[in-house]
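First to last, the sequence lines map onto chains A, B, C and D. The first sequence begins at 1 in my numbering and counts up by one. The second sequence begins at 1 in my numbering and counts up by one. The third sequence begins at 1 in my numbering and counts up by one. The fourth sequence begins at 1 in my numbering and counts up by one.
Honestly, I wouldn't trust all of these hints.
To be verified - Within a straight-line C-alpha distance of at most 27 Å, the following computed DSS-like cross-link-like pairs (lysine-lysine) qualify: (1) K317(B) with K273(A); (2) K317(C) with K273(D); (3) K326(A) with K204(A); (4) K149(B) with K273(B); (5) K204(B) with K326(B); (6) K204(C) with K326(C); (7) K188(A) with K203(A); (8) K273(D) with K319(C); (9) K317(D) with K204(D); (10) K273(B) with K317(A); (11) K188(D) with K204(D); (12) K273(C) with K319(D); (13) K273(D) with K149(D); (14) K273(C) with K204(D); (15) K319(A) with K273(B); (16) K188(C) with K204(C); (17) K273(A) with K319(B).
Hints in this document: simulated from the structure, not taken from any laboratory.
4 protein chains.
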Amino acid sequence: MSHNSFGHLFRVTTFGESHGVAIGCVVDGCPPRLALTAADIQRDLDRRRPGQSRFTTQRREPDEVRILSGVMMDDGSGEQVTTGSPIALMIENVDQRSKDYSEIRDLYRPGHADYTYDAKYGLRDYRGGGRASARETAARVAAGAVARKIIPGMTVRAALVQMGPHAIDRDRWDWDEVARNPFFCPDKDKAALFEDYLDGIRKKGSSIGAVIEIVADGVPAGWGAPIYGKLDADLASAMMSINAVKGVEIGAGFLAAELSGEENADEMRMGNKGVTFLSNHAGGILGGISTGQPVVARFAVKPTSSILNPRRTVDRKGKETEIVTKGRHDPCVGIRAVPVGEAMMACVLADHFLRHRGQVSG
Amino acid sequence: MSHNSFGHLFRVTTFGESHGVAIGCVVDGCPPRLALTAADIQRDLDRRRPGQSRFTTQRREPDEVRILSGVMMDDGSGEQVTTGSPIALMIENVDQRSKDYSEIRDLYRPGHADYTYDAKYGLRDYRGGGRASARETAARVAAGAVARKIIPGMTVRAALVQMGPHAIDRDRWDWDEVARNPFFCPDKDKAALFEDYLDGIRKKGSSIGAVIEIVADGVPAGWGAPIYGKLDADLASAMMSINAVKGVEIGAGFLAAELSGEENADEMRMGNKGVTFLSNHAGGILGGISTGQPVVARFAVKPTSSILNPRRTVDRKGKETEIVTKGRHDPCVGIRAVPVGEAMMACVLADHFLRHRGQVSG
Amino acid sequence: MSHNSFGHLFRVTTFGESHGVAIGCVVDGCPPRLALTAADIQRDLDRRRPGQSRFTTQRREPDEVRILSGVMMDDGSGEQVTTGSPIALMIENVDQRSKDYSEIRDLYRPGHADYTYDAKYGLRDYRGGGRASARETAARVAAGAVARKIIPGMTVRAALVQMGPHAIDRDRWDWDEVARNPFFCPDKDKAALFEDYLDGIRKKGSSIGAVIEIVADGVPAGWGAPIYGKLDADLASAMMSINAVKGVEIGAGFLAAELSGEENADEMRMGNKGVTFLSNHAGGILGGISTGQPVVARFAVKPTSSILNPRRTVDRKGKETEIVTKGRHDPCVGIRAVPVGEAMMACVLADHFLRHRGQVSG
Amino acid sequence: MSHNSFGHLFRVTTFGESHGVAIGCVVDGCPPRLALTAADIQRDLDRRRPGQSRFTTQRREPDEVRILSGVMMDDGSGEQVTTGSPIALMIENVDQRSKDYSEIRDLYRPGHADYTYDAKYGLRDYRGGGRASARETAARVAAGAVARKIIPGMTVRAALVQMGPHAIDRDRWDWDEVARNPFFCPDKDKAALFEDYLDGIRKKGSSIGAVIEIVADGVPAGWGAPIYGKLDADLASAMMSINAVKGVEIGAGFLAAELSGEENADEMRMGNKGVTFLSNHAGGILGGISTGQPVVARFAVKPTSSILNPRRTVDRKGKETEIVTKGRHDPCVGIRAVPVGEAMMACVLADHFLRHRGQVSG
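Please construct the entire structure, taking both the sequences and the accompanying hints into account.
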């Protein structure tokens with residue numbers, strides 16, 4: 001058991017605080033002889049990096065990753081490959097500005113983990129959220145880049161599908177659009193709308209929530225496991241472990257509560273490559289095991305609680321007061337959660353791929 | 001790692017199939033010297049037992065539990081108490097009627113785990129769903145009864161808050177009402193409505209989904225853990241591992257995506273017993289750690305796929321065909337998920353209580 | 001984490017006390033479609049069963065195993081096979097005679113776990129040693145019988161190689177002899193000697209220690225894992241977890257401390273089937289990974305502390321006193337540890353077989 | 001599960017190869033508010049550091065540790081303290097000289113993990129043993145320094161008690177002597193003898209094995225757990241996971257096989273502070289749980305296989321050949337295993353301290 005690890009055969013342990021020396025992770029259990037360079041990882045990190053538009057925190061972090069272990073040059077292929085040993089990845093913290101936080105050292109920000117960390121540990125790292133900072137998710141993205149290497153033919157993509165009350169139009173879903181706007185939004189029109197909408201939020205010093213959807217294509221039928229090792233149970237845990245996430249759905253999700261058995265169950269037919277389904281309310285998972293359809297998960301991100309408007313709170317000594325959080329924050333922290341959701345999906349699937357191979361082979 | 005276990009310090013391993021000899025569980029890590037009898041467990045099992053109204057499957061199972069190990073008479077107190085050793089609980093299967101299932105032996109029921117188990121293991125236990133049967137949840141309820149013994153002063157209750165499109169009126173929430181209707185519904189009027197509504201569903205041979213809400217009172221601030229050991233991540237996994245669950249929420253859940261930072265963050269004040277909050281959008285959890293407010297989780301249950309109306313499917317040999325599932329099924333399997341949700345919440349909290357005590361003492 | 005489980009992909013959880021209702025285990029992670037009947041398991045249990053000669057405890061236990069879950073008839077093969085679901089095994093306790101133990105209820109037997117269980121839990125199950133009884137090892141043997149099914153072509157055998165000061169002559173090692181004497185001794189002459197020697201011990205009401213050696217043939221090179229997942233580290237833990245074991249060796253073991261680098265390192269040559277070694281000081285394991293040679297482990301069993309001669313001790317209230325343990329005990333508990341050692345070796349290797357397949361395939 | 005982690009509540013994950021960028025570890029689960037500086041850790045690392053006498057490898061590594069996370073200045077105490085978050089420790093590799101190893105790139109050194117890593121992974125890091133290098137143990141020592149902080153009043157010390165055939169005289173055991181000679185030997189006379197003896201070994205280009213003994217004082221009765229969570233099972237695994245270890249003993253160890261029940265069982269009396277024992281054959285552990293006596297473990301280290309004398313081997317292509325290992329090696333690698341054994345004992349006890357507190361409280 002470890003509070004800072006997840007996965008079983010593909011196991012990730014992360015470390016580091018927002019304003020410490022470095023953040024990073026150790027990825028254990030990776031199969032050997034997979035080509036892996038820092039550039040492979042950097043590509044994903046760059047998608048999550050803050051400061052890329054006015055819609056994310058202006059903290060300037062290069063987020064440059066170093067591979068400390070677990071790879072070597074393979075004389076045969078001339079490539080750098082994994083060795084089967086633990087892959088340690090480190091990202092040094094550069095733009096820390098601890099002074100920004102001195103005012104709130106003894107105050108609990110409502111909606112933040114300030115109070116609960118203090119209640120648990122008797123102290124808290126007030127500098128930028130410490131371990132509870134969204135910065136920890138960079139380590140997840142780095143691990144996810146390794147996970148992607150493991151599964152041949154699998155693609156994991158995510159998109160922002162709702163911001164505040166504005167949901168995308170699913171008929172206008174275009175994966176190519178995701179890379180073209182600062183919101184990872186697959187609906188071009190909604191992306192335009194979000195630009196105005198979020199500027200309004202930002203200028204008010206407020207923040208707003210969002211919903212992210214992740215889709216994995218190329219997962220064969222049979223991965224996952226019954227009961228407590230369910231693929232969807234592991235996805236639920238993985239997504240809920242992301243900062244600020246308050247809900248997780250698989251396939252039809254909460255809508256399934258409103259459906260009849262006839263509406264919900266995905267009928268089956270034979271296609272060219274075997275079994276096909278006439279719909280995907282299951283989100284690619286039945287009984288905790290993949291069906292061969294795309295695996296679809298969704299999660300809700302709450303609005304960040306670091307806002308410029310004063311809120312009632314208490315301090316460490318139990319005195320009632322008000323707080324305004326200055327710092328440099330994301331008006332919609334859900335945006336940067338998109339690559340994080342992808343990474344978590346990739347890690348969970350890599351783990352289940354290896355677990356399936358362990359128990360059932362092939 | 002174990003596909004049939006959950007929890008760390010309070011660890012539950014379940015076994016058994018719908019139509020096998022017995023189902024049961026081993027509860028490991030229970031503190032010693034807690035009074036525990038079979039009657040304590042039976043009480044919870046009786047709430048989940050099928051056949052108690054026309055709204056649940058007519059399978060007749062006494063679900064009588066035996067404690068095989070882990071308890072002894074304490075000479076001091078004259079009570080039967082836990083010893084700290086693993087508590088094995090067994091429930092023999094009585095009313096199995098395997099013949100009901102012979103027709104579907106080679107068919108995959110749409111929306112069921114039939115196809116995925118077969119894809120994974122190369123065979124499936126077609127008798128009553130085998131391991132994928134809702135019957136497995138009896139073992140969870142038994143384990144939950146043990147978990148409840150561990151935490152002094154904690155109450156875990158659940159209720160059905162939505163059936164199909166009909167949500168309860170939260171202003172009419174009455175916990176006492178939950179025991180008075182066959183739906184575990186806290187809203188008397190909606191319970192009356194559900195009676196007619198579900199009769200209609202049942203008579204049509206159809207089924208419908210539901211939403212369950214679980215509330216734990218008496219959880220102090222400080223339980224849970226950061227990052228991957230988050231209380232909400234463990235709850236998400238625990239709830240999603242229940243058969244037919246497709247979505248999980250904590251506190252405001254998906255609604256949080258629509259809220260502003262001002263609306264969502266629960267403001268703090270000082271009360272008689274320390275910190276209080278002016279709302280509970282957080283569902284009692286911030287940063288993965290309990291706030292001292294009620295812990296609130298919610299999950300969506302899909303409609304059972306065992307319905308009387310014909311559905312298109314394929315058989316094990318890849319032939320397209322139709323299927324009608326006769327058997328004895330629940331028109332709204334979400335009803336019996338209510339005590340199961342309670343049990344999972346109790347188990348997760350018991351585990352985190354012990355984990356917190358391990359790392360931080362007190 | 002679980003105090004009553006071991007293994008990762010092949011995971012065994014045991015339960016039950018000497019004088020409770022039943023003992024047993026849940027074996028999780030077993031691959032599907034392996035032929036498995038109760039008779040397969042009974043065969044191994046019968047080798048461990050007490051009361052088979054005057055050299056083991058006279059407790060009369062049929063030790064009849066029931067498979068509660070995880071198997072079904074396979075229509076194709078007409079055999080009962082594993083399904084991939086957890087296999088629960090139960091052995092009811094029959095010959096309990098709890099009254100034998102009433103005298104020692106408040107006394108701590110020197111060399112027993114009486115005092116430490118009480119120190120830990122604030123109570124202890126004084127009936128026959130409770131959970132600390134050698135009876136728990138029956139569950140291990142049952143799990144081991146399942147483990148043996150998993151690895152094609154592997155043989156795991158064990159023998160008693162030393163009793164008190166009398167070690168066998170390794171030049172006279174004959175595996176066939178092991179089944180012919182009540183000591184599992186591979187040296188016919190020493191077996192004859194042990195008969196007299198142990199009769200003397202038994203008649204004096206004393207007891208004696210022993211050394212057991214386990215050999216696994218047919219383990220290919222490449223199983224196991226570096227560092228903390230070493231095959232030998234897992235074997236050490238598995239063997240040390242057997243009651244009364246005080247030392248574990250792999251290959252040359254403690255003798256390796258006296259060897260030079262030239263003497264110890266096993267030189268390598270090419271044989272018909274690939275790499276061969278000119279000796280096996282490594283015991284088939286280098287760097288925690290199997291070499292393809294026989295895997296050889298050895299463990300020392302202390303003499304049982306239940307003896308007829310009075311020993312100085314204290315009672316639960318802290319009063320100094322003397323104790324004589326009557327009961328029905330093994331003069332050399334090491335004898336019955338032979339099939340237990342085999343079972344533990346089989347379980348560890350099954351686990352590593354699956355773990356290797358998970359990470360590296362093939 | 002993780003091949004590069006150990007412990008449960010106090011959990012250590014190590015990474016890094018002999019000739020990679022850095023080695024290090026992540027220590028998860030450490031209680032908060034313990035004073036901890038890099039200097040605390042450096043002290044232990046310096047005891048293990050190579051190149052301190054002519055009896056250890058001449059590789060020159062400063063082994064300077066950096067704390068990357070998990071600590072902060074505590075305003076109250078003015079000290080740097082743990083926060084409860086994962087503590088990442090990094091030691092950069094400085095003196096790597098990869099060229100030394102180019103000759104053996106395609107050869108398997110007998111007695112090394114070269115062949116088995118290659119058999120498992122299809123490649124191996126030939127530079128200085130890669131992950132299988134003794135260098136990995138620096139990370140253990142660093143983790144052990146953190147572990148020592150957790151348990152108030154506990155002392156863990158180790159000594160070299162045998163080199164080749166020369167065992168120390170236990171009547172001459174002097175803990176103060178351990179720091180005065182380059183062998184960590186508690187017997188002054190034997191230390192003098194070792195000096196000559198090992199010079200002889202070294203000059204011949206040979207190597208020799210050793211036995212290390214670790215003693216933990218100040219462990220109260222009641223730590224550890226029954227069955228597979230036994231304190232001695234975890235110690236056995238921890239010690240056997242150290243490179244080159246081939247045997248582990250607790251208390252009387254293999255000698256217990258030769259003892260009678262009367263001789264072996266430690267009699268009990270009442271002392272000033274409660275129960276005392278008249279001997280410690282148990283090594284402070286009964287039934288897997290601590291007795292309150294010193295916890296005593298011992299392990300045998302084989303001679304390093306990197307020797308200057310030619311040995312028969314094969315290469316990666318299956319050609320028979322001879323090998324001479326030049327490099328810079330330890331003539332008795334057991335010497336540097338002394339602080340490593342201490343560290344492993346400290347980590348296992350810290351873990352069990354927290355586990356005990358979790359299940360049974362204070």
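Okay, the hints, checked on the actual structure:
1. K317(B) with K273(A): Since the Cα atoms of K317(B) and K273(A) sit roughly 14 Å apart, the hinted pair holds (cutoff 27 Å).
2. K317(C) with K273(D): holds, 14 Å
3. K326(A) with K204(A): holds, 13 Å
4. K149(B) with K273(B): holds, 25 Å
5. K204(B) with K326(B): holds, 13 Å
6. K204(C) with K326(C): Since the Cα atoms of K204(C) and K326(C) sit roughly 13 Å apart, the hinted pair holds (cutoff 27 Å).
7. K188(A) with K203(A): holds, 23 Å
8. K273(D) with K319(C): OK: K273(D) and K319(C) at ~13 Å, within 27 Å.
9. K317(D) with K204(D): Outside the cut-off at roughly 31 Å; violated.
10. K273(B) with K317(A): holds, 14 Å
11. K188(D) with K204(D): holds, 25 Å
12. K273(C) with K319(D): holds, 13 Å
13. K273(D) with K149(D): With Cα atoms ~25 Å apart, K273(D) and K149(D) stay inside 27 Å; holds.
14. K273(C) with K204(D): violated, 35 Å
15. K319(A) with K273(B): The given pair, whose Cα atoms are some 13 Å apart, holds under the 27 Å limit.
16. K188(C) with K204(C): Distance of about 25 Å is within 27 Å: holds.
17. K273(A) with K319(B): holds, 13 Å
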